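K.L.:
So the chains spell out like this:
Protein chains: 2
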Amino acid sequence: MNDIQAYMQETGRKARAAARVLAAATTAQKNTALEAVADILDASRETLAEENRKDLEAGREKGLSDALLDRLELTPARIDTMIEGLRQIAALPDPIGEIFDLKYRPSGIQVGRMRVPLGVVGIIYESRPNVTADAAALCLKSGNATVLRGGSEAFHSNQAIAAAIREGLEKAGLPGDSVQVVQTTDRAAVGAMITMPEYIDVIIPRGGKGLIERISREARVPVIKHLDGICHVYVDDEADPQKAFDVALNAKTQRYGTCNTMETLLVNGTVAEDFLPRLAGALWEKGVELRGCERTRAILGEKCLPATEEDWDTEYLAPILSIRVVEDIDQAMEHIERHSSRHTDAIVTENYTKARRFLREVDSSSVMVNASTRFADGFEYGLGAEIGISTDKFHARGPVGLEGLTSVKFIVLGDGQVRQ
Amino acid sequence: MNDIQAYMQETGRKARAAARVLAAATTAQKNTALEAVADILDASRETLAEENRKDLEAGREKGLSDALLDRLELTPARIDTMIEGLRQIAALPDPIGEIFDLKYRPSGIQVGRMRVPLGVVGIIYESRPNVTADAAALCLKSGNATVLRGGSEAFHSNQAIAAAIREGLEKAGLPGDSVQVVQTTDRAAVGAMITMPEYIDVIIPRGGKGLIERISREARVPVIKHLDGICHVYVDDEADPQKAFDVALNAKTQRYGTCNTMETLLVNGTVAEDFLPRLAGALWEKGVELRGCERTRAILGEKCLPATEEDWDTEYLAPILSIRVVEDIDQAMEHIERHSSRHTDAIVTENYTKARRFLREVDSSSVMVNASTRFADGFEYGLGAEIGISTDKFHARGPVGLEGLTSVKFIVLGDGQVRQ
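Heads up: the protein sequence lines correspond to chains A and P, in order. The first sequence stops at residue 420 when you use the working numbering, and every number in between is there. The second sequence stops at residue 420 when you use the working numbering, and every number in between is there.
Check before you lean on any hint, since a few could be wrong.
Coverage of chain A stretches by chain P, computed from C-beta distances (three or more under 8 Å per stretch; other residues unrestricted) [claimed, not checked]:
1. 113-119
2. 174-186
3. 227-239
4. 356-364
5. 374-384
Worth flagging that the hints you see were computed from the coordinates, not collected in a lab. Values in this document were obtained by computation on a predicted structure and should not be read as measured data. Beta carbons: idealized from backbone N, C-alpha and C, even for Gly.
Please put together the full structure from these sequences, using the hints given.
P.N.:
Structure, rendered in C-alpha cells:
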C-alpha cells in the first residue's frame, strides 16, 4: 500500500468514526455548528481572499482559461453567498429521525420507518471552491460525514474553508473529522476514494461529463451521477400559443449554460407555420442560432441552419437550438425516448389526455406540463437546497436535496409480541 | 464477443424493449396477465411435475444432498402456493403512477412526484424453482421487465414455469419478453448479466452469501443485496421479565434457519441471574446449544459452552445461541455496532428513554422495541410481498416489496409559468 492509499484509508477510518457521532447528533448541535462555520468564514474574509489569491496566481501561471479563473475566484459576493447558504441550511428542517408510515399490523406490532443518514458521503468536484462549504453543510445537516476532494487548482482556497469548517464543528462539540478536505492534489486520492466501500457509502461527483463517466466506471461504491441535460419542449397542436411562446423562449434563453436549458424544440406540424416564425424572430433577436429539420427550414428559410443527426444528441450549453417538426405526440415522445438524456422534458398543451399521457410515459427525472424546463432545480422544487441533480433511477432521481442524502430503516414498536 | 455474451445482449435488448411497454401498461393489463399465468400454471400441473422430475433425477445422479433435492422439488402444495402467490400479487395495489407530495410553489408551479418502474430487473437465484414465478410476478406488477437466471439444477422446472408466464403475458396483450428465463446453464450468463448497465438496471441475487458477495464484487449495475442476518436481542434491566422471556424464546426458536432469527442474546448484568436460568431451561428443552461469556457461564454452569470471539460474528442458522452479559445499554449498543450484520436488532425494556435511544442509535435495517426479531419480514410489515431483504442503505433497506422495485420522478404542472 503506498502513501496516498494509506492516507486515504486513514481519512476514511476517521470519517466513519465521525459518522457514528453525527448520526446521533441533535438538530441543535448540527445547527450550532453550521452557524459557527458561517461566523468563522465571515471573520476570515482576509485569510480566504489571501489563500484564494495564491490559487489564482498559480492558475494564471499555469495558463488556466479566463472562464476557469473566474470560477476559481472567491469574490466578496461569493463569500457572502457561501455564508448565507450555510445559514439557510441551518434553517431547514432536520430530516434525520423523522418517523413516518407508523401503522398497526394484525399481529399487534406497530411498523414504521425512520429517516437515517447514509453514513459517509464522498464529494469529488472541480474548480469552484464554494462547493466545499455548500456540500459539507448539506451532508452535515443530514447527519453524514463528508470526505471532499476538490480540484488541485483550488487547493489553498479549499484548505482555508476546511479550516473554518473544522473550527466551527469543534466549537459545537462535534468531531472535527466530520468534514475532511483531502490534503493532497495527487490524483490517486480519487482512485482510492471511489474504491473504499468500507469507509465511503456514496460518491457524488460534481464536474464535467468526462470526470463523472470515469468515476462511474471505476467506482466500487454507489455514485449519484448527473450526466447530460438534453432537455426537450414539445409544443402540441392544442397548445395555448402564448404559453408555448413564453415557455419555449424561457427554457432556451433564461440561461444558456445550465443543464435544464432546452436544447431541442419539437413542434406539432399543424401549428408549426403559425408558431415558429414568431418564436424564431424572438430567438434570433437574442442571438440564438437555430438548426432545424427540413420542415422547419421550409418555414423559417435559409437563416435556420440544417440540423444533422448529431444535433439531436448534443447538449449545446450555448445559444443554439435544434428544432424538429413532428406529426403528433407519439412522434414527439419517440424522439424524446431516443434522444433525451432523461433530465427534464416538457409538453405545452391544453389537452387533458395528452398531458396525462406525457406525464406518465416520458421517462425523465422531471416531466412538465406548461412550465419551463428551467424550473428543474432543488430550490424551485422546494427542497431547500440541492447537492446535485441525479439522472439515475436508483436511490435518488432529479434534484437531490437533504432527503437524497438519507436512507430509511424500519422500526417496530411492540408490547412483547411474538411471531406465531 | 462469444455466443453466450451475444445471447445475453439479445436477451437484454428484448427486455429493454418490453420494459417500455410495461411502463405504460394499465393495472388491469398487469393483473389480467398475473391471473392468466396462475390459471395456466394450474392447468399445467402435469407438465410441471414431469419437468421437475427430470431435474430431480438429474440431481440424484449428480449426488445432490437431500436438503438440496427437497428445495428443488415442486410438490403439489408448492405449486398451490406459487399459484396463490400470483393471485395475491394481482390483488395488491398498483404502485406505478402513484402521485404524491403535489404542492404549489411560490412561482405558481405545482411540483410532485410520480412512482415509476426501475426498468429491467435481473434476478439471479439458486435451486428453488418457485422463485421464478414469485420474482417475475413482483417485477411485473411494479412495471419492470425481468431477466431471471435460476440454478442449473432447476433448469427444466424453470423453463416450464417460464413457458406458462410467457403464455399468460401474451394472453393479456403484454410482450412475452417481459419475463425472460435465461435458456442456458452456462455460468458466463451471470457474468454477462451483471455487466450490462445498458440493458439491466438492478440485480437482485437470491442465494448463499458466497454467490451474493461474488456478484456484488463484479457487478457494474446496482445490486440489492442481502448478506448475513446476525440479529441481537438486548434484555434491559428495566425489561418486563415475561416479555423478555417470550421475545427471546420466539426470536431464537420459532424458526432456526431464517435470517431474522436471533443469534446473540445480550442481557443486562443486573437481571442476568434472575432471567437467564429460566430462559436457558426453556432453550435447552428445545435442544438449543448455548454458548456464553464468562459471566453467563458463572450463572448457567458448565452445560453452557464457552463462547469464543468468533461466536459473536457467526450466523448459526441452527439451534445454537451465544449469550453475553453486558453492563448497560451502552455496552449492548457497542456490541451490536461491532458484531451486528445490521439486519434486525431488538431491545426489551419498559424504559421510555432507553427505547427511544435504541431506536435512534442502532443502525440496522429493522430496529425493534419489545417485539421478536422474527417479525422482520415483508408480509408481517404489510408490504404484501417481499422480493428480498436488503442489508444495504442505498435505495432500499430492509424487506423489499413492490415499492423497492420502483423509482420516482418529479412532475411539474404549470399554466405557462417561466423562470424569472
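K.L.:
Cut-off 8 Å, C-beta pairs, minimum 3 residues; does the coverage of the region 113-119 of chain A by chain P stand?
P.N.:
holds (count 4)
K.L.:
Residue count check for the region 356-364 of chain A against chain P: does it reach three with CB-CB under 8 Å?
P.N.:
holds (count 5)
K.L.:
Report holds or violated for chain P covering the region 227-239 of chain A, Cβ cut-off 8 Å, minimum 3 residues.
P.N.:
It is violated, with 0 qualifying residues against the three required.
K.L.:
For the region 174-186 of chain A, count the residues whose Cβ lies under 8 Å from any Cβ of chain P; is that count three or more?
P.N.:
violated (count 0)
K.L.:
Report holds or violated for chain P covering the region 374-384 of chain A, Cβ cut-off 8 Å, minimum 3 residues.
P.N.:
holds (count 6)
The structure does not agree with the numbered hints 2 and 3 stated previously, though it agrees with the rest.
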